[in-house]
Each structure stands twice: as C-alpha cells, then as structure tokens.
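Colleague: Knowing the structure of chain A, use the given hints to seat chain B on it.
Protein chains: 2
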Amino acid sequence: MKIEVVTIGDELLLGFTIDTNGAWLARELAAYGVTVVRRTSVGDGADEIAAGVGAALERTGAVITTGGLGPTSDDLTKPSVAALFGRAMYEDAQVVESLVRRWKAMGRTGDLPKSNLQQALVPEGAGILANAHGTAPGIWLEDERGRWVAMLPGVPREMRGLFADELLPRIRARLEGTPTVVRSHTIRTTGIAESVLSDRILSIAGLDLEGLSLAYLPGWEGVDLRLTARGLAPDKADARLARVAAVLRTAAGEHVYGEGHDDLAAAVLDELRRAGKRIAVAESCTGGLLGARLTAIPGASDVMLGGIIAYHNDVKMAALGVHAETLAAHGAVSEETAREMAAGVRRALGAEVGVAITGIAGPDGGTAEKPVGTVCIAVDGAGPAKSFRARMIGDRREVRERSAQSALSLVRRALLGTA
Amino acid sequence: MKIEVVTIGDELLLGFTIDTNGAWLARELAAYGVTVVRRTSVGDGADEIAAGVGAALERTGAVITTGGLGPTSDDLTKPSVAALFGRAMYEDAQVVESLVRRWKAMGRTGDLPKSNLQQALVPEGAGILANAHGTAPGIWLEDERGRWVAMLPGVPREMRGLFADELLPRIRARLEGTPTVVRSHTIRTTGIAESVLSDRILSIAGLDLEGLSLAYLPGWEGVDLRLTARGLAPDKADARLARVAAVLRTAAGEHVYGEGHDDLAAAVLDELRRAGKRIAVAESCTGGLLGARLTAIPGASDVMLGGIIAYHNDVKMAALGVHAETLAAHGAVSEETAREMAAGVRRALGAEVGVAITGIAGPDGGTAEKPVGTVCIAVDGAGPAKSFRARMIGDRREVRERSAQSALSLVRRALLGTA
Numbered sequence: 001m002k003i004e005v006v007t008i009g010d011e012l013l014l015g016f017t018i019d020t021n022g023a024w025l026a027r028e029l030a031a032y033g034v035t036v037v038r039r040t041s042v043g044d045g046a047d048e049i050a051a052g053v054g055a056a057l058e059r060t061g062a063v064i065t066t067g068g069l070g071p072t073s074d075d076l077t078k079p080s081v082a083a084l085f086g087r088a089m090y091e092d093a094q095v096v097e098s099l100v101r102r103w104k105a106m107g108r109t110g111d112l113p114k115s116n117l118q119q120a121l122v123p124e125g126a127g128i129l130a131n132a133h134g135t136a137p138g139i140w141l142e143d144e145r146g147r148w149v150a151m152l153p154g155v156p157r158e159m160r161g162l163f164a165d166e167l168l169p170r171i172r173a174r175l176e177g178t179p180t181v182v183r184s185h186t187i188r189t190t191g192i193a194e195s196v197l198s199d200r201i202l203s204i205a206g207l208d209l210e211g212l213s214l215a216y217l218p219g220w221e222g223v224d225l226r227l228t229a230r231g232l233a234p235d236k237a238d239a240r241l242a243r244v245a246a247v248l249r250t251a252a253g254e255h256v257y258g259e260g261h262d263d264l265a266a267a268v269l270d271e272l273r274r275a276g277k278r279i280a281v282a283e284s285c286t287g288g289l290l291g292a293r294l295t296a297i298p299g300a301s302d303v304m305l306g307g308i309i310a311y312h313n314d315v316k317m318a319a320l321g322v323h324a325e326t327l328a329a330h331g332a333v334s335e336e337t338a339r340e341m342a343a344g345v346r347r348a349l350g351a352e353v354g355v356a357i358t359g360i361a362g363p364d365g366g367t368a369e370k371p372v373g374t375v376c377i378a379v380d381g382a383g384p385a386k387s388f389r390a391r392m393i394g395d396r397r398e399v400r401e402r403s404a405q406s407a408l409s410l411v412r413r414a415l416l417g418t419a
Numbered sequence: 001m002k003i004e005v006v007t008i009g010d011e012l013l014l015g016f017t018i019d020t021n022g023a024w025l026a027r028e029l030a031a032y033g034v035t036v037v038r039r040t041s042v043g044d045g046a047d048e049i050a051a052g053v054g055a056a057l058e059r060t061g062a063v064i065t066t067g068g069l070g071p072t073s074d075d076l077t078k079p080s081v082a083a084l085f086g087r088a089m090y091e092d093a094q095v096v097e098s099l100v101r102r103w104k105a106m107g108r109t110g111d112l113p114k115s116n117l118q119q120a121l122v123p124e125g126a127g128i129l130a131n132a133h134g135t136a137p138g139i140w141l142e143d144e145r146g147r148w149v150a151m152l153p154g155v156p157r158e159m160r161g162l163f164a165d166e167l168l169p170r171i172r173a174r175l176e177g178t179p180t181v182v183r184s185h186t187i188r189t190t191g192i193a194e195s196v197l198s199d200r201i202l203s204i205a206g207l208d209l210e211g212l213s214l215a216y217l218p219g220w221e222g223v224d225l226r227l228t229a230r231g232l233a234p235d236k237a238d239a240r241l242a243r244v245a246a247v248l249r250t251a252a253g254e255h256v257y258g259e260g261h262d263d264l265a266a267a268v269l270d271e272l273r274r275a276g277k278r279i280a281v282a283e284s285c286t287g288g289l290l291g292a293r294l295t296a297i298p299g300a301s302d303v304m305l306g307g308i309i310a311y312h313n314d315v316k317m318a319a320l321g322v323h324a325e326t327l328a329a330h331g332a333v334s335e336e337t338a339r340e341m342a343a344g345v346r347r348a349l350g351a352e353v354g355v356a357i358t359g360i361a362g363p364d365g366g367t368a369e370k371p372v373g374t375v376c377i378a379v380d381g382a383g384p385a386k387s388f389r390a391r392m393i394g395d396r397r398e399v400r401e402r403s404a405q406s407a408l409s410l411v412r413r414a415l416l417g418t419a
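Those protein sequences? They're chains A and B, same order as listed.
Start counting the first sequence at 1; every next residue gets the next number (the numbering used here).
Start counting the second sequence at 1; every next residue gets the next number (the numbering used here).
Just chain A, with the same shape it has in the complex (with noise of 0.2 Å):
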C-alpha cells in the first residue's frame, strides 16, 4: 500500500514548528510494509487544504493529514476535505458528548467553552476516529472507489495515540494478503567521518547490497548506516538485512554502537551493569546535558547515582575537590581539570566511575589556544584514568551535544578496555 502524507499549517510553512509527525507515522507505516511515497506541507487555507489533499488522493487513493482539527477559527482541514469529497458538516451529538465529559474530567469549571463545539463538526458519512488522548476527534473519510483520507489531530502526542487506537487497526484491516514489505535496519556509528566509512564501505572485497539501498545519515551522535529493503517477504527482507548489516558492522568495525534507535546512553548503562559499577557525572560546558542523556533512559537509577553541576569554578573546586592551582595553571578547560572533576565526583557521590566534561560551548570565551569548541573530557574509576581533549564543531547546542556523546563514548571505550 502506498500512502501520501498532508501535514497542515501555516506554522510549518512559516517555520515555527518542526514537522515530526510525518516522520513518526512514516516510520510506524513502513513496520507494516506501507510505504510513504510523499510527504507535503500545506497551509492553513482551505484552498490550500483541498490542493494538496485532492492532488495526494488523485496520486495513491489514501491519504493521511494532521493538523487543522483544533477548536480555532484557523483549523480548516475537516471542511475542506469534506468539500473535495462533496460532503455536507453536522454537528455530532456523540462527540459534543465526550468533549464534555473530558473537559469535567479535567477539573476544569463551567461551561465547554463554545470553540471546544467546532470540534464535534464532522462531515456527513465520516467515520469518528475517537481521541483518548486530547479534545480533537480524528475523522476517516471514503469515497465509492475506496479512496479514503483520515484525518489526524496536529498535537504529536494526540496523533500518536489516535493513529494506533483508531487508525492503524483500519489500514491493517486492508493489508490482508499483501505479500511484501519496506523493513530497514540501521547500524549506528560515531567517531568515524562519512567519507571515510564510505571509503571502507566499498573497499570490500566482493561487496554485495544484495539489493538493498545504503543510506548514510550523519548528525552529531555520529553517522547511522540506513539499509532498506523494498519489495520483498517479510523473512527473505529479514534475512538480506542481517547478512548485509554483519558485513558493514565488520568494515565499520570499533565505531559502532548500536542499531535501529539505540541510544549511546544506553549502551553506557548497559556497559555499567555488565561491569557492575555505577557512574557519577560532573558537567562543566554541558551544564546537565549529561545528566540528562543517561537519564532519559528508563531505569537508570540502578547504575546512574547523579551528579554535579560546576558551572562556577567555585563549584569546581567547593564540590568537586578541584586545586585552585590546577586551575591557575592549566586553566579551567584542560585535560588536568577534567581528570580532576572525574575523580572528585566519583568521591563525592560515592560512585566506581566518575565522567567529566568541561570545555567553551560558545559563542564567547575562546582564545587563539582555546578556541570555541575546545572541550576536555575525562573518566575515572572504568580502568586506567584516560582523558582527551577535542575540538567539536557546530555552534553552541552542537558543542554540548558531541560532547556528552564523546562523553558516553570514552566511558563506554573505557568499561570495555579499548579507550
């Protein structure tokens, strides 16, 4: 099945709010073999709506939108698509129902306010794709010859519960017998330039995608390996991605980490709980980005005791235990005062291991010695103490980003004895 997706909103086309439901239902289509073959962004206009849908619907018969279903005035996206499809709105008394008892359930006082009502508008013959997570219903909309758009509220989270309660059971319902899929795999990497992998890539001797596509995709935990196979059986797609995968794992060697969606936290955790040993985090430049990254990761806490913050040198010293003459001498973004921050948080807080970041995140602060990007990062108590420091690239958000992820780096390299 191949499916177009609207995404709707002047928002998104004035750039004031990134698109991530696209690739969210993208990425939950392609699990179940339906393809995405385009994704368009349309204003809030009516005309706009209808263009965009009408030409996506012209192109595959099914249609996804998100966006436009608010209780606003500029939430557009039910009546028009009705028009395309040359159908009348009523007001349904099921749904003005539910938008009452959720907004009691809320705690909220008085009457539903009167913009809440336009949500309960759908168009005469729709399907209601009811909403658990929000006010705004979605609405599935099919024509005579099976062509059908639904309708899905903008708010990600609203979309995400909606698509899995109301709409994937709808598309699955017409899969039946559908005999090949699109399943990728993706092989993550860091520490290694895309050119360079690529070079190693196709240096193989023998190589064969065994007609998979290779995309490289770079960002600032590194560079992931997207393998993709179209057009096959689930178990001969399964099978192709293994073989080629363990052939690039191979040629991409010490620089991979992960698969599919794996987070370098986690594999640091994981490294922790195999060595038995917890972690402690002192952050200079990243200020708890850390922190951040090894707790976002449910169940941390067996392993991630938690950390300082030394955004003042004051701090580095007072709570980390670092020399004023250390930082006289070397300066507060050097090897020796990292080295110094690892081992003192890992003695404040009672941890096996301690990591330690300290560094200029930017745009101020660099000197022709230190210039902005210079971070020094640290790690004590997984093996020998080790300590590097590097220039990272990007603006201010970038720096701290490849930092923590160096950070995750050196102590995973650490626990298993290749740093």
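Be aware that one or more of the hints could be misleading.
The list cannot tell twin chains apart, which means a pair is met if one copy fits it or any two copies do.
[Stated by the list, open to error] List of simulated lysine to any residue pairs, SDA-like, C-alpha gap at most 25 Å: (1) 236 with 186; (2) 370 with 207; (3) 104 with 172; (4) 104 with 390; (5) 114 with 97; (6) 386 with 37; (7) 2 with 55; (8) 114 with 201; (9) 2 with 256.
Hints in this document: simulated from the structure, not taken from any laboratory.
No experiment lies behind these values; they were computed from the predicted model shown.
Modeller: Quick look at chain B alone, frame taken from chain A:
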C-alpha cells in the same frame, strides 16, 4: 516572491530523520517577504526527485532543494535536476581543488576519497554555491525564462551556512522593489489551556485582528500565539503586529513570559540579574535537564552557579542534606523533599536561590497515590519558600520537559512576586 522547498531523502520518507531544514528555510525567507507556499519531501530516487522538483518548478518557478548532494551513491539530486533542465554534467576543476584543500586542512592523510570526487560533478551552466562549512558545494541552476532551482546540502549546519553565504544574496538581488512582506510575531504563554486562551481572546470587547491571521501553537512549553501579517509594506505590517500583539498580551495576562523565540530559561536568568541573585538547581527525575536548559543560554554563568543531580536517594541525603525522616515520612516525591532539596542545593553551592524537582517520569514507578507524571517542585530564596505538586501529562520525555519548564516558571513568578 513565492518559493517551494523540496527536501530529498529516503530517510525523510522512512521517518528516520526529522526534516528541520524546511522549517529553518521558511523562517529565514519569511523575514525577507519570501513565502514558502508548499513543502514536499520525496525519496532519493531520480524519478521521485524529478517529479517533485518538476511540479514545484511548474507552480512557482523558484525551488530550493536540500539533500542528495553527499559523496555517496544515493545522492542523485544534481543529475536529476540537471536532466529537468536538459543539461549534462562535468567535473569542475575548482570544486576538485577546494575539496582537496579542505581534506588536507582537516589534517586527513592520504588522497581524497574517490567518493568525495562525485561532489565535484556539476551541471553545465550551473552557478557554484561555495560551501565553507563542509564538502558538498551547492548548485544554482536557471533556465532562459528565469526559473531556478537552488540545491543545498542536507546536513543542517552546512545548509544554513551555505544559504546565508551564497543563496540569500542571490534571492535578495531578485527582490528589489518588492513592496510587501510576510511578518510574524509570537507571544509565548505557559500554564493556560489552548481553548481557555482562545475563549479569553474571543471575549475581548471589539476585538479587531486588523486582517492578521492568528494561530494557536500548543506544545510542552505552553501555548504560543502567532500573529502573521501578509502582503503589507514592512512599516504597516510591524505597526499592525505591535497593536494587535498588545491586545492579546493583555488578554493572556500573567501567562505571557516572552515574545518570538524567547526561552523561559533566558527570562529567568534576566530576572535573576535584575534581583542580583544567583541560582543553583537540584534535580531528581529531570536528571540535569533543568541545568541544561539554563546553561543552554549563552552568558548564563554570571547567575547560574551549577547544581546537584540527586538521582539516587543517597545523594539527596549526602549532597543535599535531605533528612532520612522526610524521605521515610513523605517519600522522595513530595513537596517536603523538594523543599529540602531546594534549600540544600542553595546552601551547598552558596547560591541565593535554589530550585528543586523530584518526580516520577515513568514509564514505571507510579502508584495509585502518586501516578506516573506526579512531580513536586520547590523554590527557596526568591521570596518566601514555595512548592507545588502537579501531574504532568505525556510520556517520560514530556514529563521531564514539562517539569523543567514548570520549575523555570515557578522561579520566575517567585522572583516577580506573583508565585
């Protein structure tokens, strides 16, 4: 001027990469009165690229593409667009030279990888958009009727630099004499539901939006109100935006914390500076996220000392001085514990203001009395000590983000005396 943006890459359609380039380009262009009227994402295939770019070119005669200029074999943007324009490809000696220069400047040894040489192939008659931020140059292709396609790389940092350095000047040169612009103004609110805000605004006596469009943009930071003026001269647009924004700001009242892209963290830092106070953070379930929010703002170091990530209860007691009795009587997630954490971190780091978060981010750890999403937040040293307990909606990530935002909001209101 009307432009379409086509973002290229299987990874976008498969949903493994979120398209941030389209939004960024739209934002930059809108400031110059250039409207992105549609955004399309297509796959890596030559046919898909040609179909997407070709249709966009028919509609507007002005197209920006991102992606598919990399050094690997899945990068087909240049030949596909060249074919649309009926142009052959050749290897550009100057591009080769700059690729070699960059390769050496990065301290790489050996010859330039062969994969990189593909980046030197350009369509005949093309303008080269030099890339000071990476290896792939951008391409400008124009036909005899003045219709053009500008091809930019997909890596956001490179795309942004190349756009500003090379493409924006070309676009601006075509705008001379264009009399009208699209301008937007955003008012940021937190702590009020979209529908309540909408009703407040609709109930303003004699409300006149003066022809501006108003969008409600809900997210975990709160609800943004975006006003947009289209087709007006710059002065007139600015004046209308200022007048209507003032009316909306009054209606939203105490919930307004900023304008445009203002970050609540920056507003808190400003209030701290005004009050002559420095802050320290104590974080349990957010694990460093609040510290990361504050330190993401350049120049935070004058009022942000640092913090303690007390993920484990031992750290809450040892480093923050939370009493064992408090934990036993009220639990780690309680206003009592949060208050002791806030007072403790203030004392430990020598700050004037302490703020603390403790909660259950999920997916596990919830109880009937304290379900997942229960969060307690406290502030100490900004007027009388304050604390509250709330139930945050959403998944682990949202609970953590909303908690950090709520803590910032509490600090701001405490400093302003409206908590």
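Colleague: Next, verify each hint and record whether it holds.
Modeller: Checked hints:
no., hint, verdict
1, 236 with 186, "within (17 Å within a copy, 51 Å between copies)"
2, 370 with 207, "neither (43 Å within a copy, 55 Å between copies)"
3, 104 with 172, "neither (34 Å within a copy, 53 Å between copies)"
4, 104 with 390, "between (56 Å within a copy, 18 Å between copies)"
5, 114 with 97, "within (14 Å within a copy, 65 Å between copies)"
6, 386 with 37, "neither (48 Å within a copy, 53 Å between copies)"
7, 2 with 55, "both (14 Å within a copy, 20 Å between copies)"
8, 114 with 201, "between (61 Å within a copy, 12 Å between copies)"
9, 2 with 256, "neither (33 Å within a copy, 44 Å between copies)"
Consistency with the previously given hints fails for numbers 2, 3, 6 and 9, ordered from lowest to highest.
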